[in-house]
Structure formats: structure tokens, C-alpha cells
Amino acid sequence: MTILAIPDSFKDSISSKEIISALRRGFKNLDPSIELIGCVGSDGGEGFLEAINFQVSAERIYHESLDPIGRSIEVEYLLDRSNRTAYIELAQAAGLERLSEQERNPMFTTTAGTGLQIMHAINKGAEKIYIGLGGSSTNDGGVGLASVLGFEFTDINGDRVLPIGNNLTHIHNIEGRFVSSEVKIFAVADVRNPLLGPQGASHTFAAQKGASVGEIHHLENGLSNLHQKVKSDLHKDDSDSPGSGAAGGAGYGLRVFLDAKLVSGIEFMLQLADIESIISEKKVDLIITGEGRLDHQSMQGKLIDGVLNIARPMGVPVMAICGQLSLEEQEYRKMGLAFATTIAGPEVPVLKSMTDAAHYIEEVTPKLLQQFNPQS
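Going by numbering that gives the first Met the number 0, the sequence shown wraps up at 375, each residue one higher than the last.
Keep in mind that a hint or two might mislead.
Computed cross-link-like contacts, DSSO-like style, restricted to lysine-lysine with a CA-CA straight-line distance of at most 30 Å [what the hints assert, rightly or not]: (1) K282 with K127; (2) K366 with K333; (3) K183 with K230; (4) K183 with K127; (5) K235 with K16; (6) K281 with K366; (7) K27 with K351; (8) K235 with K127; (9) K127 with K230; (10) K183 with K123; (11) K260 with K183; (12) K260 with K16; (13) K27 with K10; (14) K282 with K333; (15) K10 with K260; (16) K260 with K123; (17) K281 with K230; (18) K235 with K260; (19) K260 with K282; (20) K230 with K333; (21) K260 with K230; (22) K127 with K27; (23) K27 with K260; (24) K230 with K16; (25) K230 with K10; (26) K10 with K351; (27) K10 with K366; (28) K183 with K228; (29) K183 with K235; (30) K366 with K282; (31) K281 with K27; (32) K366 with K27; (33) K16 with K27; (34) K10 with K127.
Per label pair, the in silico range of CB-to-CB distance [to be verified]: (35) Q329 with E174: 54 to 64 Å; (36) D232 with L350: 27 to 37 Å; (37) V178 with Q329: 46 to 56 Å.
Quick caveat, the hints were computed from the structure, so don't treat them as lab data. Glycine residues also receive a C-beta, built at the ideal position from the N, C-alpha and C atoms.
With these hints in hand, go ahead and build the complete structure from the sequences.
Listed below in C-alpha cells is the structure:
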């Protein structure tokens with residue numbers, strides 16, 4: 000029997016690579032003849048660099064940058080010198096995890112550190128740069144990264160505007176151009192939200208980054224002002240494009256300032272791993288995927304959605320493991336999953352299942368094998 004494991008990381012709990020190792024141990028204990036092939040999954044957010052490094056022979060580049068509130072930090076990205084391609088995770092410099100609970104507020108955070116990473120990669124010879132969006136602490140519309148890469152944002156008095164979410168309402172004029180327009184930029188994201196409106200960056204994501212109700216409205220006004228100035232000064236209008244609201248509007252900023260192409264995180268990662276070839280060449284009998292929480296949003300550009308889209312026409316059953324399951328059996332079966340389960344039972348406290356996730360993943364493998372039916 001051959002199993003293909005393509006899990007996403009469980010946020011604040013366990014990485015994709017560790018999930019694969021735990022599954023491998025569990026199945027080997029059950030039946031040493033089972034072959035488990037692992038593929039680190041990511042939708043462009045948390046774990047993006049880890050997933051890339053699992054598939055691509057690339058060098059880890061360490062350098063100094065800025066965190067979301069301007070402190071000096073060491074960050075990393077991946078550089079495939081042979082293909083002149085760099086892979087950057089926006090959360091490395093602009094991530095929520097860089098800040099304490101008390102420091103988290105998108106009114107005062109910036110993507111400038113990500114801009115410094117892009118510049119560093121360009122100076123290292125990168126001609127193509129893939130930027131994984133997700134896990135950001137920001138709501139600056141990409142103004143922070145653009146301010147590092149050739150653009151100037153000024154207020155009504157002609158003074159430079161500090162590129163943080165709070166100050167977007169002060170932008171009166173935008174000048175400049177991308178310093179390396181010949182470099183191709185790709186924004187890799189799993190969210191399809193537009194920049195503005197009820198489903199936009201501010202109203203959908205700012206609260207979980209620390210913004211109050213009043214601040215959310217201010218941030219929305221700031222992004223709206225940025226959008227108007229981009230239209231009048233740069234003659235671009237991209238606010239309604241799916242994914243523009245990713246990473247606090249960084250998806251929008253990358254598109255209008257750096258002419259980035261927005262690509263699906265799932266499709267990008269699955270193509271990079273060449274999943275279809277693995278399934279056919281290795282004669283895969285079962286696919287196991289997973290994420291921290293399995294709910295209705297799991298079919299909206301998430302990893303499980305992408306895996307099902309590939310497996311369905313190839314006739315390979317897909318099972319999912321998760322930390323929390325918010326779907327009934329008929330609901331996840333309607334999605335296309337053969338089986339779905341939490342890694343631990345309801346008697347186990349959530350915190351314990353998170354801290355001991357590897358143990359519980361090993362323990363759940365008999366249930367997965369019991370549910371497997373190659374004729375289904």
C-alpha cells in the first residue's frame with residue numbers, strides 16, 4: 000500500500016514536516032510494508048518557506064531587516080541560484096508572530112521589512128521572486144514595502160508619510176516606480192478577498208491582528224484613500240481583484256506597485272511538487288491531507304480543496320486529519336473527503352492536543368487505516 004501525505008501545518012502546534020514524520024511512524028508500527036510519501040503543503044501562508052525547501056534545492060539566505068514595528072531583526076529567504084529565483088515569506092519580517100500580544104495593532108505596523116527582503120533578493124541576482132502572503136500583522140496596503148522599492152508617499156504638505164496603517168488616510172501624492180521593473184514578482188496567496196468592503200482586508204482580518212472596531216473603520220478609510228490615489232497618480236485600479244485583500248492589502252500593493260501576478264498558493268505548491276506525477280508513477284492508494292481546523296472555509300482556496308481537485312479525477316480517496324473538526328460526516332463527504340477526523344478525541348483538552356500533536360497523529364493512524372477502502 001502506498002500513501003501520499005500532503006498536510007498543511009497546524010498553526011501554533013506542529014509543522015507539515017513533523018506531521019509527515021508522525022504519520023510515517025504510525026503507519027510503520029501498524030504495517031512495515033506501507034510506503035508513505037511525504038509532501039510538505041502550504042497555501043502561501045505559514046510554512047511557505049518550509050514547503051518550498053522540501054521541493055526545491057535552494058540556499059537559505061540570512062540577512063538583517065525590520066520587524067513590523069521597525070526593530071532590527073534577522074530574517075531568511077530561499078534563493079535558487081541556478082534558476083535565479085527567490086522565495087520570500089512575508090510573515091518573516093511582517094508576521095504577527097514577530098510581535099507580543101500587547102504590540103499587535105495593524106494601525107502601527109508596516110511591510111517595510113518585506114520590501115528590504117525583496118531588495119536583498121534582487122541584489123543577490125534574483126530575476127523571479129515568489130512572495131508567500133499570510134500570517135501578516137499589517138494593514139498597510141503594501142505601502143511599506145513599496146516605500147523601500149522606489150515609491151514615495153507624501154501628505155498634503157509634501158512631507159513623507161510613515162508607511163503604517165494609521166497613516167494611509169494622510170497620503171496625498173504618490174510618486175516613483177519599482178526600482179527593478181525587469182524582475183518578475185509573484186504574490187502567492189490562498190485568500191480571495193478584495194481590498195475594500197465587508198469582505199475586504201480591514202473588515203475581514205484587522206480584528207484578529209489587534210484592531211478595535213473604530214480602528215477597523217479608520218483602516219478601511221485609509222485603504223480607500225490609497226486606492227483613490229493609486230487610481231489618480233498611477234492610473235491603476237485593482238482593488239476588486241480576488242486576493243488584493245491578502246496580508247492586509249499587501250496583495251493589492253504588490254500588484255499596483257510591483258506589477259506582481261497573483262497566483263493561487265495551493266495550485267503553485269501542488270504544481271511545484273508535481274503531485275499528479277507522484278500519484279500515477281507511485282500508484283498511490285490513499286492521500287492524507289490536513290490542517291489545524293477543518294470547516295466550510297477549507298474549500299475556499301485552502302490546501303484540502305486543491306488536493307481534492309487533483310485526486311478526484313484520478314480516483315484516489317482523500318482523508319483529512321485536523322486539530323478541530325467543525326463539519327458533520329455528510330458535510331465533509333459532500334466536499335469529497337472519504338473520511339475526516341480530529342487527531343485527538345473530545346476528552347483531550349485542545350491545548351494538550353496542540354502541544355502533543357505528534358503523539359496524537361501517530362495514535363490516529365489505526366483509525367485511518369480502518370476507514371480505508373480501495374473500492375470506495
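Outcome of the hint check:
Our distance criterion of 30 Å between C-alpha atoms is broken by K282 and K127, whose separation comes to about 34 Å. Distance hint between K366 and K333 is fulfilled; the C-alpha atoms sit about 21 Å from each other, no more than 30 Å. Our distance criterion of 30 Å between C-alpha atoms is met by K183 and K230, whose separation comes to about 22 Å. A distance of roughly 5 Å separates the Cα atoms of K183 and K127; the hinted pair therefore holds under the 30 Å criterion.
Between K235 and K16 the alpha-carbon distance is near 41 Å, which puts this suggested pair outside the 30 Å criterion. With a CA separation close to 24 Å, the supplied pair K281 and K366 stays within the 30 Å bound. Restraint check for K27 and K351: satisfied, since their Cα atoms lie roughly 24 Å apart, inside the 30 Å limit. Pair hint K235 plus K127 holds up; C-alpha atoms about 23 Å apart against a cutoff of 30 Å.
Using a Cα cut-off of 30 Å, the hinted pair K127 and K230 holds, with the two alpha carbons roughly 26 Å apart. Between K183 and K123, the direct Cα distance comes to roughly 14 Å. Compliance with the 30 Å bound is thereby established for this hinted pair. Simply put, K260 and K183 have alpha-carbon atoms about 8 Å apart, close enough for the 30 Å limit, and the pair holds. Under the criterion of a C-alpha separation no larger than 30 Å, the hint pairing K260 with K16 is consistent with the structure, at around 28 Å.
The hinted pair formed by K27 and K10 meets the criterion: a straight-line CA distance of about 26 Å does not exceed 30 Å. For the suggested pair K282 and K333, the alpha carbons sit about 25 Å apart, so the restraint of at most 30 Å is met. Distance restraint check for K10 and K260: the Cα-Cα separation of roughly 27 Å lies within the 30 Å cut-off, and the hinted pair is therefore satisfied. Among the hinted pairs, K260 with K123 is consistent with the structure: their alpha-carbon atoms are about 21 Å apart, no more than 30 Å.
For the proposed pair K281 and K230, the alpha carbon gap of about 51 Å is over 30 Å, so the pair is violated. Using a Cα cut-off of 30 Å, the hinted pair K235 and K260 holds, with the two alpha carbons roughly 14 Å apart. In summary, the hint linking K260 to K282 is not supported, as the alpha carbons are separated by about 34 Å, beyond the 30 Å threshold. Proximity of K230 to K333 is assessed by CA-CA distance (about 43 Å); at most 30 Å being required, the pair is judged violated.
With a CA separation close to 19 Å, the supplied pair K260 and K230 stays within the 30 Å bound. Distance hint between K127 and K27 is unfulfilled; the C-alpha atoms sit about 40 Å from each other, more than 30 Å. Only pairs whose Cα atoms come within 30 Å are accepted, and K27 paired with K260 is rejected, the gap being roughly 42 Å. Of the pairs offered as hints, the one joining K230 and K16 is violated, with about 43 Å between alpha carbons and a cut-off of 30 Å exceeded.
For the proposed pair K230 and K10, the alpha carbon gap of about 37 Å is over 30 Å, so the pair is violated. Of the supplied pair hints, the one linking K10 and K351 holds, its CA atoms being roughly 14 Å apart against a limit of 30 Å. With a C-alpha separation of about 23 Å, the suggested pair K10 and K366 falls inside the 30 Å cut-off, and the hint holds. Between K183 and K228 the alpha-carbon distance is near 24 Å, which keeps this suggested pair within the 30 Å criterion.
This hinted pair checks out: K183 and K235 have alpha carbons roughly 18 Å apart, not beyond 30 Å. Distance restraint check for K366 and K282: the Cα-Cα separation of roughly 22 Å lies within the 30 Å cut-off, and the hinted pair is therefore satisfied. Only pairs whose Cα atoms come within 30 Å are accepted, and K281 paired with K27 is accepted, the gap being roughly 18 Å. Proximity of K366 to K27 is assessed by CA-CA distance (about 14 Å); at most 30 Å being required, the pair is judged to hold.
Among the hinted pairs, K16 with K27 is consistent with the structure: their alpha-carbon atoms are about 17 Å apart, no more than 30 Å. Taking the CA atoms of K10 and K127, the gap is about 28 Å. The hint holds against a cut of 30 Å. Restraint check, Q329 to E174: a C-beta distance of roughly 57 Å satisfies the suggested window 54 to 64 Å. The hinted range of 27 to 37 Å is not satisfied by D232 and L350, whose Cβ atoms lie roughly 49 Å apart.
Remark: the range hint 46 to 56 Å for V178 to Q329 is upheld by a beta-carbon distance near 54 Å.
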